[in-house]
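Asker: Here the protein sequences line up with chains R and C, keeping their order. For the first sequence, the residue numbers in the numbering used here are 2 to 552. For the second sequence, the residue numbers in the numbering used here are 1207 to 1720.
Keep in mind the hints are simulated off the structure, nothing from the lab. Each statement offered as a hint is correct.
Label pairs and their in silico Cβ distance ranges:
(1) R:GLU436 <-> C:ARG1274: 33 to 39 Å
(2) C:ASN1432 <-> R:SER495: 57 to 63 Å
(3) R:GLU436 <-> C:ASP1573: 43 to 49 Å
(4) C:PRO1448 <-> R:ILE357: 53 to 59 Å
(5) C:PRO1518 <-> R:PHE37: 47 to 53 Å
(6) R:LYS401 <-> C:LYS1246: 47 to 53 Å
(7) R:LYS457 <-> C:ASP1573: 26 to 32 Å
(8) C:GLN1514 <-> R:LYS514: 30 to 36 Å
(9) C:ILE1445 <-> R:SER495: 55 to 61 Å
(10) C:VAL1695 <-> R:ILE360: 26 to 32 Å
According to the in silico footprint, chain C covers these stretches of chain R (three or more CB under 8 Å from chain C):
(11) 38-50
(12) 407-414
(13) 431-438
Derived lysine-lysine pairs resembling BS3-like cross-links, with alpha carbons at most 30 Å apart:
(14) C:LYS1714 <-> R:LYS366
(15) R:LYS406 <-> C:LYS1550
(16) R:LYS283 <-> C:LYS1521
(17) R:LYS291 <-> C:LYS1568
(18) R:LYS401 <-> C:LYS1513
(19) R:LYS398 <-> C:LYS1513
(20) C:LYS1469 <-> R:LYS370
(21) C:LYS1527 <-> R:LYS413
(22) R:LYS278 <-> C:LYS1528
(23) R:LYS413 <-> R:LYS136
(24) C:LYS1550 <-> R:LYS137
(25) R:LYS281 <-> R:LYS266
(26) C:LYS1385 <-> C:LYS1361
(27) C:LYS1538 <-> R:LYS270
By construction, the Cβ of each residue, glycine as well, lies at the ideal position given by its N, Cα and C atoms.
What follows is each chain in one-letter form.
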Amino acid sequence: MAIIKFSRKQFEKEIGKLDESMQHKIAMFGTTLESFDNKKIEIEIFPNRPDLLSYQGFKRSFLIFLGKKGKTGLKQYKIKKPGKNYTVTIAPSLKNIRPFTVCAIVKNLKFDDEKIKEIIDMQEKLHMTVGRNRKKVAIGIYPLEKINLPIKFEAKEPNKIKFRPLEMNREMNGFQILQRHPTGKHYAHLLSGKPKFPIFSDSKGKVLSMPPIINSDETGKINEKTTKVFIECSGFDFEIQSKVLNMIITTLADMGGTVYAMRLKYGNKTIITPNLKPEKMKIKKENTNKLLGLKLNEKQMKNLIEKMGYDCNNKGKELQIFIPAWRADIMHEVDLIEDIAIAYGFDNFEPEIPNISTIGEEDKKEIIKRKIANILIGLGFLELSNYHLTKKDDQFKKMKTNENKEKFIELKESKTEYTILRKNLSHYLLKIFSENVDIEYPQKIFESGIVFDELKENQNLAVAVSPGNFTESKQILEYLSKMLDIKINVRKPSQIPKHFIEGRTAEIILENKAIGYIGEIHPSILKNWHIKMPVAIFEISLQEIFEKFLD
Amino acid sequence: MPKEPKKEIDEIQKIAESLSEIERKIIPYLEERDIKKLEKLSELDRVSIVRALNFLKNKGLIKLEIGRQKIIELGVNGVLYKKKGLPERKFLNILEEIRKTLSIEEIKKQSKLSNNEFTAALGALKNKALIELKDKKISLKTSKEELMEKTFEEKLIETLPRPLDKLAPEELQALENLKKRKNIIEIKDQQKISYSLTELGIEVSKISEKISEKLIEQITPNLIKNQEYKGKKFRRYDIISPVSKIYGGKRHFTNQAIDHARKIWTDMGFKEMTGSLIQSSFWNFDALFTAQDHPVREMQDTFFIDKQTELPDKKIVTAIKKAHENGVDGSKGWRYKWQEQEAKKLVLRTHTTCLSAQTIAKLNQKDLPAKFFAIGTNFRNETVDWNHGFELLQSEGIVIDENANFRHLLGYLKQFAKKMGFEKIRFRPAYFPYTEPSLEGDVWDEEKKQWIELIAAGIFRPEVTEPLFGKPIPVLAWGPGFGRMLMAVFNIKDIRELNKNDIEQLRKIKFLVE
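Excised from the complex, chain C in its bound form:
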């Protein structure tokens, strides 16, 4: 059937058209098995040649074996001896010149050999029975002709470097002798590349040169303008072979997540609150009804700054003092003496709730109902491990509404969880110091088939809202475990990675799809 061979020729043609420049450069010379010579002939460096050989192998044009082989090279002393001769040659020369028996000391003196070299030379010559040692005197045992002939060791040194497996048995013996001596020989492990053209390769190489002349490589402006592509073929690319990676610019993943959260809050009608990272204890603790002897107000847990600040206007300070000392709105209060001094201490904020307090303090009746959210960094004086850090990202929202109630809070939470991608939520009683009632919301993780803690929530205590707003008012408040969510979304197991800025990781980390 004439059809079959025709297709084969077609195939060969196509392969030849798909050869890249480096492949084409080496394919005519592949009869040559020595890679060094191939380098010269093709005018390519070794790395390119290896790449080209790999490409050819993938196309089935060559058989390629990349293994390792041992190469014998000269060591530091070896290089020296190659030039100046081995110590035993010096030794023999002296004996030969004087042609008589000499004492060890005399030879040593005349040859100027070091102790090591002398001992080595003596040993080598004795082994070969070229000399005789008697009563510390040395005499030659051979003819002049025999002496002039090079030893196997000398011969071997002259031929190095060579691959180990190419050595004749007597050379191997010489090698063993030299290996015992210091720094004459070095054996190196090298890549060994061997290749041979396949039948297909031979066919392709026959036509490649012819074809390559007609193939279009790069498309140039001239080529387009002058229509040089007419009647010519484009070189075929290997469309499967891997390409080197590139990376684009990207927002840090925490900021991607922050923006995502921002969108959820604003979609739900919340307005963003921002504020300082450095806060007075007054706003961070006292305004939120945290008693002044509460452990969170110790340096153990919170970052304090050795400076003080002024308190806000007297009215609100007095109201908060009263809430702590004797209570407001029928509360018993904490019943202790509230100290202004303690409230003036500066801290790095431990939560964004201090911003909620400041916002409520600025509100008037006519601003209601109102919804606010905050998102940002908070601080804790912590040692650092995979699960703990001294900076934490948190987010929270508040609803200030005269008519707000517990069922509304649950309604908002359900909606919020849905926006975060969770259909099922359940609520459990919990405790937070400035909310009552307090609760935690667990959401159902469809992938892992388990409930995960997601949201902390509650209604601000009247002891918090009364001094800030002037009368008790329900303020619904909640915050998602933002850092944990973030780690789950980006599959991060170690909290330290949030601020590690490993450039490779940032280049590779997925882009948040909202």
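Only chain R is shown next, with the shape it has when bound in the complex:
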């Protein structure tokens, strides 16, 4: 969840008073007002709108949404032609390492603490979101005063890369940065294993940065004295990199900067970036009205889409939409239709319940499970609800089961001690007894739920009484059988689960099919769980019972 913070004073000066109506408008724009006080405003930006991750970006779109200054539609920015030496050469050695970069130069900047903070904040948030933690896109911003154009982007052997990274007082090579620099260690996984690491360097051979890890302390740090910057976005997705670059340069332009294009030399091919040419997409008027349940005419649609910062031309049954080059979320006409809905105002839609008739229906198994629960409740039993995940020790060791002889599913890299899928409910019922030894007895508990036989999922039922003995447990089982009108019986078990007492255990059968066990828990197991009272329990598979009812 990305939150942007900005000064309330600035907001009220440049956008408007933060009264109730304004708060409502912020919410209706699709940006949740998280919190505010006299000084600060915090709003949440959804992941589909990285272009709003700076105050400037938010202000740009929100002012158009408000229709202020009589100006709606696509905001235009002027990009000056590249000057002499405004060139970046991209070496073929970057293939499979970090193949692309897009670049720009912005001049006439007047930075202060606030602005620098806004830029760094936006950079970090773009890294986290669209940049996929710098994997897909990494952004570098450098003071042009300290750089000699043109610039070279290439891949070099790590031990031949030498520069002083940010926050270090000595030179390091590529490997050392990944091993010793705090930021280097954090992002090391993005380069480790590659034969060469990418670097930007200037015409005098000074290293600017080793993306996506770290900038040079000398050439890669902007401050209040910086008036012109070189910007690059490196990564694996040229299109998204271009959009991220557009988000940054428009923000800097909104701060008063002048944007210059750069020539990117990919072998024989030269590409000029940034490119603010709007992308075009058509929307069908009919589809718009059908999806939204509205009857908008062409003019209304045009007005609405322009309030969301697009330009629009009429093309008969369709509208031709010009999409700002910094919008990264427009994939299908529904994305534009949603923006029309936002401009229309979610609170202006008239909710309607269509007159269609369908028959509601519960899952049959759930109905049977509820019936079983109600029968047991009649006997004074409390229903439990345990996790589907369990601890290995609880499932095996405490039940005297050898985990090496059992098949079970272990989850990869679970963040808790609950690392496996439960194989039965009985061990969980004992766990609950053990956690409630000081609570008034008798304790009568049951649970029905999913257990796992490797990847197979079964519904089980377990019922336990403490203090309890075999007779009581069998009485419950028989009552349940009678109430469900099915023939559940017990027989001598061919094999006894380890947690029961031999001679006080039976196999439970439904029409000759074994469905579970009933018996008294062995005192040594009770001891493992620190349970001081005798426990009688049965656990059955519900599968066969479901089948009987669903026939």
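Guided by the hints, dock chain C onto chain R, whose structure is given.
Answerer: Frame of chain R, contents of chain C only:
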């Protein structure tokens, strides 16, 4: 006036009739102030006596004070010395027998006292000036008669245990002396009960025995059959006094809430979908247009299982691959190379939306319009605290209808919120990866006077519905924040309580009234 005293007698009579068995058992003996003796006389144990005394106090028949008092008891050594005599007695006996001066070493040897005991005895005797110590030699300083008399310490030991406040001044001095020595004395803090009959109590006790013989206690089958109640009175109960608690069986509160939600959905014409907790990445992510490099598909966020599964039939796999790579229905798609291998990975489902996807995939045109809901557990690889857990209860519903639109979605949501007990709902734009438009519904909490986030909703993207259904179709989808609602209804502040199974809590928690 003759009326007044008569009423009083009536009152006394009524009180006497209301005495319980244990009260009646002790009331004749309340002249006796010692509770131990009372135990013997009434043949009741101490707990019952205390209960009975409390009952009598509540009826105003006795004055009762339950305080604490200090009791002096013998310690381990004290018990021994009571039997064998104090070390100084041994010491004196030896001196007396030999009747002459002895060296310290000699006495020590003959008395067989330990170092500690010897030092203590020596000190005690010196203090009392019974002996004289000169040049490491000890001689007696008293007559035989005086020697034979017991010391205060010896006397005190013989009388223990006794309450501290009953000790005479010279006994207190002896106690101080003994307290300095090891394990002779123990002082214990005990409950002290004192009581005395009130005037009313005296009156009641006079008639209680007479009355009690005629009172009916338990109603027995014989009593009913033989009409033994005729001409007799029933003992009156103290109807105000508290009774011990009992607890009934109950469904777990989460399941009560699930059933409640189930009823809302079925009332609105929705059919239940169920399915596995273990799902392929294909159904959990790919079918819902979640790009394969999306962070939610990392082990950081999702539980993966180290096994693979087969993908469903080729047709749908190809369609979904196409939706991701180049898009369908005019969409640009995610533009990357979609990997089958990635889709085969097994996960614990992260949402019930995978069931919606499977349901849509099975539908035919002739089944429409159709409405489905699911309710169940989903998983996230999370550390656990009051606000986070690795298992989450969620519920969601979908409407598949060729003519469905955004206004219908709002209509359903309004109805759904009403069924959940909220009259006022408002809608805000939101973002969810597989719906467009997306929105959140806030409902007005009349009690807390504030808007609360309740529902996430949207219309499935064509990139989701086209590959599943064969053509793009509007599917309205929404889900309430089920876990949060549940916690609000049952006043639970910590998410871990949902699976804690604290038996006392389960016994006491309120029953959901629908």
